[in-house]
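The listed protein sequences correspond, in order, to chains Z and S. For the working numbering, count along the first sequence from 1 and bump the result up by 43. For the working numbering, count along the second sequence from 1 and bump the result up by 3.
A portion of the hints provided could be inaccurate.
As the list claims (entries may be wrong) - Straight-line Cα separation of at most 25 Å, DSS-like style, residue types lysine-lysine; simulated pairs:
#, chain 1, residue 1, chain 2, residue 2
1, Z, Lys84, S, Lys45
2, Z, Lys114, S, Lys48
3, Z, Lys52, S, Lys5
4, S, Lys82, Z, Lys87
5, Z, Lys52, S, Lys45
6, Z, Lys84, S, Lys82
7, S, Lys82, Z, Lys52
8, Z, Lys52, S, Lys48
9, Z, Lys65, S, Lys45
10, S, Lys45, Z, Lys83
11, S, Lys5, Z, Lys87
12, S, Lys5, Z, Lys65
13, S, Lys82, Z, Lys79
14, Z, Lys65, S, Lys82
15, Z, Lys84, S, Lys5
16, S, Lys5, Z, Lys83
17, Z, Lys114, S, Lys82
18, S, Lys5, Z, Lys110
19, S, Lys5, Z, Lys62
20, Z, Lys95, Z, Lys84
In short, the hints are calculated from the structure, not lab data. Model, not experiment: these values are computed from the prediction.
These are the residues of each chain, in order.
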Amino acid sequence: DTAVSQTPKYLVTQMGNDKSIKCEQNLGHDTMYWYKQDSKKFLKIMFSYNNKELIINETVPNRFSPKSPDKAHLNLHINSLELGDSAVYFCASSQDARGRDGYTFGSGTRLTVV
Amino acid sequence: RKEVEQDPGPFNVPEGATVAFNCTYSNSASQSFFWYRQDCRKEPKLLMSVYSSGNEDGRFTAQLNRASQYISLLIRDSKLSDSATYLCVVNPGISGGYNKLIFGAGTRLAVHP
């Protein structure tokens, strides 16, 4: 199936731990994104990569570090997890950095920090 | 002022009803516009793009008014399966060729029998 897939779907971890979320797209898109959806359901962009190059870096704590080994993959590593990091993290991709046709989203990773 | 504003609802309507959602955006230079649908505990999915001339896809009609910076979505003959949160999405067209989609907080629709 052509899609954006991210793992894991659920992640429950203790404060202070380090965790990673992985994302892969087989749509042949050039651009990938990480979005965060908080408890109020508001979706906010965190990062964007275009052909492995970081192009958008919103005001995100530097405990969050994205990494794109190739244009089909975009991972998110989070250090020293805090309670406020609990949210759903969505990976997305678009044909190119202009995003004129919208984005395709992965099914999300529900992170709970306890 | 938020970049994209929507009435959060919820809109509770009976099957067969016509319902309209509205959205305003703050950046007059915005270049492209979309409606996304998000079901409970699922990812957002593209419902339709919104064009200046207005566009229709079956029971769904989207319209854009650039002068008023206003976007609308009309759903006719509502089905139970239309129950979801509808997200108004704007691409503000950031300079340098790199864009990011800005999402509204969503309008919740509940269609009942």
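Structure-based check of each hint:
A distance of roughly 11 Å separates the Cα atoms of Z/Lys84 and S/Lys45; the hinted pair therefore holds under the 25 Å criterion. For the given pair, Z/Lys114 sits about 22 Å from S/Lys48 by alpha-carbon distance, which is consistent with the 25 Å threshold. For the suggested pair Z/Lys52 and S/Lys5, the alpha carbons sit about 30 Å apart, so the restraint of at most 25 Å is broken. Pair hint S/Lys82 plus Z/Lys87 does not hold up; C-alpha atoms about 30 Å apart against a cutoff of 25 Å.
Among the hinted pairs, Z/Lys52 with S/Lys45 is consistent with the structure: their alpha-carbon atoms are about 11 Å apart, no more than 25 Å. Only pairs whose Cα atoms come within 25 Å are accepted, and Z/Lys84 paired with S/Lys82 is accepted, the gap being roughly 24 Å. For the hint pairing S/Lys82 with Z/Lys52, the CA-to-CA distance comes to about 29 Å; that exceeds 25 Å, so the pair is violated. Pair hint Z/Lys52 plus S/Lys48 holds up; C-alpha atoms about 17 Å apart against a cutoff of 25 Å.
Restraint check for Z/Lys65 and S/Lys45: the C-alpha separation of about 18 Å stays at or below 25 Å, so the hint holds. Between S/Lys45 and Z/Lys83 the alpha-carbon distance is near 15 Å, which keeps this suggested pair within the 25 Å criterion. For the proposed pair S/Lys5 and Z/Lys87, the alpha carbon gap of about 12 Å is at most 25 Å, so the pair holds. Using a Cα cut-off of 25 Å, the hinted pair S/Lys5 and Z/Lys65 is violated, with the two alpha carbons roughly 31 Å apart.
Restraint check for S/Lys82 and Z/Lys79: not satisfied, since their Cα atoms lie roughly 30 Å apart, outside the 25 Å limit. For the given pair, Z/Lys65 sits about 36 Å from S/Lys82 by alpha-carbon distance, which is inconsistent with the 25 Å threshold. Between Z/Lys84 and S/Lys5, the direct Cα distance comes to roughly 15 Å. Compliance with the 25 Å bound is thereby established for this hinted pair. This hinted pair checks out: S/Lys5 and Z/Lys83 have alpha carbons roughly 15 Å apart, not beyond 25 Å.
Distance hint between Z/Lys114 and S/Lys82 is unfulfilled; the C-alpha atoms sit about 39 Å from each other, more than 25 Å. Simply put, S/Lys5 and Z/Lys110 have alpha-carbon atoms about 30 Å apart, too far for the 25 Å limit, and the pair is violated. Between S/Lys5 and Z/Lys62, the direct Cα distance comes to roughly 32 Å. Violation of the 25 Å bound is thereby established for this hinted pair. For the suggested pair Z/Lys95 and Z/Lys84, the alpha carbons sit about 29 Å apart, so the restraint of at most 25 Å is broken.
Taken one by one, the earlier hints fail for this structure at numbers 3, 4, 7, 12, 13, 14, 17, 18, 19, 20, listed in ascending order.
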